[in-house]
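In terms of the UniProt record's numbering, the sequence shown has 177 at position 177, counting the first letter as 1, and numbering is strictly consecutive.
Careful: at least some of the hints might be erroneous.
As the list claims (entries may be wrong) - With a straight-line cut-off of 16 Å between C-alpha atoms, the simulated EDC-like cross-links for lysine to aspartate or glutamate are:
1. K112 x D185
2. K226 x D185
3. K144 x D185
4. K202 x D224
5. K151 x D207
6. K144 x D207
7. K112 x E79
8. K205 x E172
9. K73 x D109
10. K147 x D185
11. K144 x D110
12. K146 x D185
To be verified - Simulated restraints, written as ranges between beta carbons of each label pair:
13. A135 x D199: 36 to 44 Å
14. R179 x K146: 53 to 61 Å
15. K144 x K83: 32 to 40 Å
16. L74 x D110: 51 to 59 Å
17. L182 x D75: 30 to 38 Å
18. D221 x G65: 30 to 38 Å
19. L74 x H26: 36 to 44 Å
20. R24 x V203: 16 to 24 Å
21. N87 x S156: 17 to 25 Å
22. D45 x Y192: 39 to 47 Å
Don't read these hints as lab results, they were simulated from the structure. By construction, the Cβ of each residue, glycine as well, lies at the ideal position given by its N, Cα and C atoms.
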Amino acid sequence: MTHILERCNFLDVQIIRRTCGALRDHITKMPPKSSISEIRITINDGSIFLNLGAQLNVEYHDHNGGCRVVAQKLDLPAETRVKEGQNYMELFINDLKTVMEYQRQTSLDDFKIVTGEDQLVPFEEACTQLMARIADILPSASIKSKKLFIKVWNESQILQVFPHFHTNSLEELVLESVRDPLTMDWLEIDDYLETNTWDNLKVIKVDAMMRRPVFHFLHCDRVDMKFPRLPELENQELNQSRYGLDDMELILTFFYHRLEFRFVS
């Protein structure tokens with residue numbers, strides 16, 4: 001049975017789980033190796049989307065006190081069901097929990113949490129509650145993902161999920177907010193970025209005001225951050241740091257050949 005399950009995709013395993021209690025218990029105790037490489041969560045006002053790459057796309061919509069679920073599996077036509085009296089957030093959380101429990105190895109290519117697509121921005125408090133529920137589901141062991149993209153309301157919401165990811169596995173990191181980035185100082189994220197190691201990181205974008213120099217990201221291919229104008233001493237140190245690096249070219253606008261620094265007053 002274990003060898004059969006290893007050849008099944010996520011949807012096949014969920015169908016097998018429902019056939020009998022013995023199979024369900026076997027899958028729970030010995031989950032097959034994950035075939036899920038991408039997880040994308042989109043949080044809108046009154047709806048949540050869960051996308052598992054090409055395998056599955058599910059929409060959960062608040063619908064007259066119940067939940068309208070639209071699911072598309074692989075290349076099959078979408079199916080729509082209305083679940084009376086059920087909360088769309090709870091249905092999403094239950095399904096995400098099943099997805100994460102299916103993962104024997106917490107390794108992904110891409111993990112995204114995006115807020116407010118098509119201008120459907122959820123209330124800040126509702127987003128905070130949902131991010132806390134998502135954080136409770138994520139495994140205690142660090143998730144190894146090549147890419148991590150989080151766009152929510154504020155720093156505290158990001159930090160509910162961000163520490164669950166293995167920093168040295170990340171190759172691309174994007175942290176954004178629905179707010180104006182120039183109005184925010186992400187001091188705790190600043191500390192987290194400075195006190196952890198990012199050996200394999202190639203691209204980093206943090207869409208808020210940063211306060212510290214970013215010498216520990218000089219190995220990246222691209223760094224996109226916003227800084228207040230640096231004091232003269234730090235400015236000199238930044239200019240001097242480039243001389244030990246290959247393919248670095250300093251231009252007066254503070255654009256480098258491999259790194260981009262945008263300074264704002």
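Here's how the hints hold up against the structure:
Only pairs whose Cα atoms come within 16 Å are accepted, and K112 paired with D185 is rejected, the gap being roughly 22 Å. Between K226 and D185 the CA atoms are separated by roughly 10 Å; this keeps the pair inside 16 Å, and the hint holds. Of the pairs offered as hints, the one joining K144 and D185 is violated, with about 27 Å between alpha carbons and a cut-off of 16 Å exceeded. At most 16 Å may separate the alpha-carbon atoms for a hinted pair to count; K202 and D224 meet this at roughly 11 Å.
At roughly 9 Å between alpha-carbon atoms, K151 and D207 fall within 16 Å of each other, so this suggested pair holds. Between K144 and D207 the CA atoms are separated by roughly 23 Å; this puts the pair beyond 16 Å, and the hint is violated. For the given pair, K112 sits about 24 Å from E79 by alpha-carbon distance, which is inconsistent with the 16 Å threshold. A distance of roughly 8 Å separates the Cα atoms of K205 and E172; the hinted pair therefore holds under the 16 Å criterion.
Taking the CA atoms of K73 and D109, the gap is about 20 Å. The hint is violated against a cut of 16 Å. Restraint check for K147 and D185: the C-alpha separation of about 24 Å exceeds 16 Å, so the hint is violated. Under the criterion of a C-alpha separation no larger than 16 Å, the hint pairing K144 with D110 is consistent with the structure, at around 10 Å. Of the pairs offered as hints, the one joining K146 and D185 is violated, with about 26 Å between alpha carbons and a cut-off of 16 Å exceeded.
About 25 Å separates the C-beta atoms of A135 and D199, a value inconsistent with the hinted range of 36 to 44 Å. Restraint check, R179 to K146: a C-beta distance of roughly 27 Å breaks the suggested window 53 to 61 Å. Taken as a hint, the range 32 to 40 Å holds for the pair K144 and K83, whose Cβ atoms sit roughly 34 Å apart. Between L74 and D110 the CB atoms are about 18 Å apart, so this pair departs from the stated range of 51 to 59 Å.
At about 44 Å, the beta-carbon gap between L182 and D75 misses the expected band of 30 to 38 Å. Taking the beta carbon of each, D221 and G65 are about 50 Å apart, not inside 30 to 38 Å as hinted. One distance hint, 36 to 44 Å for the beta-carbon pair L74 and H26, is violated here, with the actual separation near 25 Å. In this structure the supplied range 16 to 24 Å is violated for R24 paired with V203, their Cβ-Cβ distance being about 41 Å.
Checked against the hint of 17 to 25 Å, the pair N87 and S156 passes, with Cβ atoms roughly 24 Å apart. At roughly 29 Å, the beta-carbon separation of D45 and Y192 lies outside the given 39 to 47 Å, and the hint is violated.
Checked against the numbered hints above, the structure violates hints 1, 3, 6, 7, 9, 10, 12, 13, 14, 16, 17, 18, 19, 20 and 22; every other hint is satisfied.
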